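Make a model of the complete structure from these sequences and hints.
The listed protein sequences correspond, in order, to chains A and B.
Here UniProt numbering is used: the first residue of the first sequence is 1, the next is one more, and so on.
Here UniProt numbering is used: the first residue of the second sequence is 1, the next is one more, and so on.
Hints listed in this document are in silico derivations from the structure and should not be mistaken for laboratory results.
Some hints here could point you the wrong way.
Stated by the list, open to error - With a Cα cut of at most 25 Å, we get these calculated DSS-like pairs of lysine-lysine:
1) B/K304 - A/K17
2) B/K287 - A/K335
3) A/K352 - A/K17
Unchecked claim - Chain A regions said to be covered by chain B (calculated; three or more residues, Cβ under 8 Å):
4) 9-17
5) 177-190
6) 475-489
Claimed, not checked - Coverage of chain B stretches by chain A, computed from C-beta distances (three or more under 8 Å per stretch; other residues unrestricted):
7) 86-94
8) 204-211
9) 223-233
10) 239-249
11) 324-336
Predicted, not measured: the structure shown is a model, and the values here were computed from it.
Quick reminder that beta carbons are idealized off the backbone N, C-alpha and C, glycines included.
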Amino acid sequence: MATNDKYDRQLRLWGAKGQRALGDTCVVLIGGTAAGTETLKNLVLPGIGSFCVIDDVLVSKEDVASNFFVTSTCQEEPTIGKKARAQVACENLQELNPDVLGAFQNVPKLQDIKDWKEILYKETNSRQKLLVIASDLDPLVLETLSAQCSSLQLPLVMVQSYGLMGCVKLQLSGKVPLLDPKPANAPPDLRLKKSFPALDEFVQSIGDLSKLESHEHGHVPYPIVLRKAIEAWRASHGGQDPKTFPEKNEFKDSIKNMSRDIHKEVNFEEAIQHAYLAYTEREVFLPEDLVGGDDSSMLAKLFQALDTFREKHDGRLPLNGAIPDMTASTNHYVKLQSIYKTQAEQDLQEMKDLCQDLPEDAIQSFCANVFSVTQMSTRSLVEELTSQPDEETMDDLKMSLMDPYEVEAHTPLLWYLGLRACHAFFKKQGRYPGMKDDESWEADAPLLEEEYKAVALHYGLADEGLVKSNQGDICHELTRYANAELHNVASVVGGVASQEAVKIITGQYIPLNNTYLFNGIVGVGGLYKF
Amino acid sequence: MMETEKTPSIEPMDTDSPAPTRGSLLTLMSRPSRFGNDSGALPIGEFEPIAKSSGVTTADLPDSALSQSKILVVGAGGLGCEILKDLAMSGMPNVHVIDLDSIDVTNLNRQFLFRQKDVGSSKAKVAAEFINKRCPWMNVVAHHGKIQDKDPSFYKSFNVIVSGLDNVEARRWLNATVCGLVDIDEDGDPDPSTIIPIIDGGTEGFSGQARVILPRITSCFECSLEAFPPQRSFPLCTIAETPRRPEHCIAYAFILEWPKQFPEKKLDKDSPDDMKWVYEKALERAKKYNIEGVTYMHTMGVVKTIIPAVASTNAIVSAACVGEAVKILTFCSQTLNTYMMYMGSEGVYSHTFVYEKKHDCAVCSTETHKIEMSKEATLNELIQILREGDLRLGAPSMTTSNKTLYMQKPPALEKATRKNLDKPVSSLIDTDEEIVVTDPILQSINLSLAISFQ
Ligand SMILES: [Zn+2]
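Next up, the structure:
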């Protein structure tokens, strides 16, 4: 081994900052089912600070068959029918990573808990942030929990495995700023149009490209090539930038003509590829409700500071400071790199002066990602269930049915409605459909279908042809499942839920907005915002 | 190596267990479905519900397809650990696992069957022991070694292969080997009883994919080779003359400096001493050129081409793979057709599609591969085309129906055929004569080439 750091492979994704955030978090799992323990496994391994499992049942032999962290013996004592599932899960999860502190609470009945606050905070300390995971909870418990997490401003990840169907739903704590979304294909931040003095001076200092000797000519960094090209263009076009499509092509041709041999001079090829950077400047649209209103959130303050900065710098925004690799001589590249970096540091300092009461980390992330920073909020589960989706959401849902999956009946949204219907069924019958002894299980299917129709109506989808033509088969299939715990489905959604938890905890990447449905019949997934 | 087969035996479970509050895999298997395997787009078999049973896991049912089948898990790393757990939790007791690697400390953030004390031990052995101990109904047999060291009869003995490999070359080898096991009858149709499904998973960071390969029926791994481009390396002139980034300095240290300093010794990427040497050389060069950012961690990343890896993604992909294995063996639901990808960094993006067969796939198609070359081009140049073109072969040997053009092995034959390498191909074969290519990457598959000369 060449490193002692067991976290090496994940640090390459979220860095030391993300790792610290994990270490400062306590994850509370309610419900020790396979979906829940799998979610927690994927969080204990990368090193959250601590966790607590809350549950109200004893270990059953079914648990042992489908839940890897609920074992038939624990510390050499038999568990089935004897030990609390919360305790056994806790001990087996704790054993995965000595850095993580595990705790459990075995409560008499989850359904009887009216006030969650004390229970949720019981095993945490004041430094820690809390994230709640609800696994396969029955609808009554889940709705109470959803409402209380919402008022306690705690992020809640809901995970469910139901036969071949799996579901993950996020309920964020209010408006969450996404300061480090790491977009995959962001263009380089070069500011060739709205430039700054140090860069202008450097471009000047290179002089006339046509006078350079050939090796040098083939190693002028492409941002410089673009600046020279656009200056020449403006000089011959009355100070205007290329605007129309033919003009833009002409501009590219002008770069090609500057090259001595376009097949050999990679820097000119790179310049042509990035020609648009010479005449476009990315914009940031300040969210009105953040800048104008009396919002005092961190993100509002950051955007207000940005507004001030932009006015002062004639429309220019704080610079990121990193530049991509490009064909260049070492000298030119290192010089260019330091020009961008120095300017970025100056900009950051100015922003820090503008928002002195905010954490440095946040200001830094904000400046580094100024074009992609955004915020996200979700409706709580309780809101989703009690009030109909707004018109836009309803339209989106209808749209997703207009573009069905290859086999219409596979469309995940149709199965999501089915899961909601199973919850509605439970609320009336106190059990899930299909739980009766084996001969008469199918009798529940028509009852479930009635619930399905009501659910479809709630989401504004009752008249959709796709819904009507498939609800019978879907309800029959869901009744067949009898809320079966299939380990593989639990493990898929546990994986999804833990990815989302990591994104919420580290404040990096973009979380799911807000529901993922995994249809294990053929392995298709769907994303829906409710 | 423990090679004993044991029929799964289950210790009688304590009966104090409360009445079940939810169904199980057995519930699904005992009830008819409108979504049985035969109703899907990739039908393999007809679903027949099993008789109602008092068992708890399918391992309790001595006759079920899951307890009868023999599964091979290829790789006991991030995916392999998950796959073994998923098989245990799906009641599939007869499992073999093969892996060459030993446990490294950087595995511990996701390969959850390993602990600090296991560092340095065989992955396959420790993983098998853990599962057998934790799940007494399991009989996992470990093979510590290279997949290439097992002969085809080994692979032939399995009903399903679930693969969690981290590199393209091993996946190509496995794919070609298993595709080569399929018997083709006189009409050119594959004999279904010789088709062993491969369920293949792969991950990188927050993204991953799972796919079902039914050799000769669906597309195979080789059909999708272009989706796995060869690793890009830095241009040598950048490394040697115009370094700009820390990676260029690191590449300079281990590609150019190391062989110069230690002509006799191969760089051991797992040795802290060797890696420190590379790091220090890289740092030296970076200082000389005023380049920032050479760290030990970055050095490791560049030298070992480290792919970021986390537990969560492995869990998603592995469980999707084993879920397909359960359905393929029991027919209790439909089969993934054929490729599922998951991307989790910007929201969640998940997409399933049919990966089409490549009509002239070197492995799973019998079609002749067409190559154009000039009349003067030599056999050596043809070998270059086979290695560097889209076929990406390793060490091709070539024959025609009546003569041997070039053989890589054995040494005597190589020597005898070497003289052909500099001759024009057009002088070695008759017009329209096909060349048959064999290559270790293609295993027992013979590839036919039709050359047209311009
Ligand atoms: Zn193929």
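Consistency of the hints with the structure:
1. Between B/K304 and A/K17 the CA atoms are separated by roughly 24 Å; this keeps the pair inside 25 Å, and the hint holds.
2. Only pairs whose Cα atoms come within 25 Å are accepted, and B/K287 paired with A/K335 is accepted, the gap being roughly 14 Å.
3. Between A/K352 and A/K17, the direct Cα distance comes to roughly 19 Å. Compliance with the 25 Å bound is thereby established for this hinted pair.
4. Only residues whose C-beta sits within less than 8 Å of a C-beta in chain B count toward coverage, and the region 9-17 of chain A has 5 of them, enough to reach three; the restraint holds.
5. Counting residues of the region 177-190 of chain A whose CB lies closer than 8 Å to any CB of chain B gives 4, which reaches the minimum of 3, so the coverage claim holds.
6. Evaluation of the coverage hint for the region 475-489 of chain A: fulfilled, as 12 residues show C-beta separations to chain B shorter than 8 Å, against a requirement of three.
7. Only when three residues or more bring their CB closer than 8 Å to a CB of chain A does the claim for the region 86-94 of chain B stand; here the count is 5, and the claim holds.
8. With a threshold of 8 Å between beta carbons, the proposed coverage of the region 204-211 of chain B by chain A holds, since 3 of its residues qualify and at least three are required.
9. Against chain A, the region 223-233 of chain B contributes 0 residues with a C-beta closer than 8 Å to a partner C-beta. That does not satisfy the three-residue criterion, and the hint is violated.
10. Counting residues of the region 239-249 of chain B whose CB lies closer than 8 Å to any CB of chain A gives 4, which reaches the minimum of 3, so the coverage claim holds.
11. Given a C-beta distance limit of less than 8 Å, the hint that chain A covers the region 324-336 of chain B holds, as 6 residues qualify and 3 suffice.
Violated hint: 9 only; the structure is consistent with all others.
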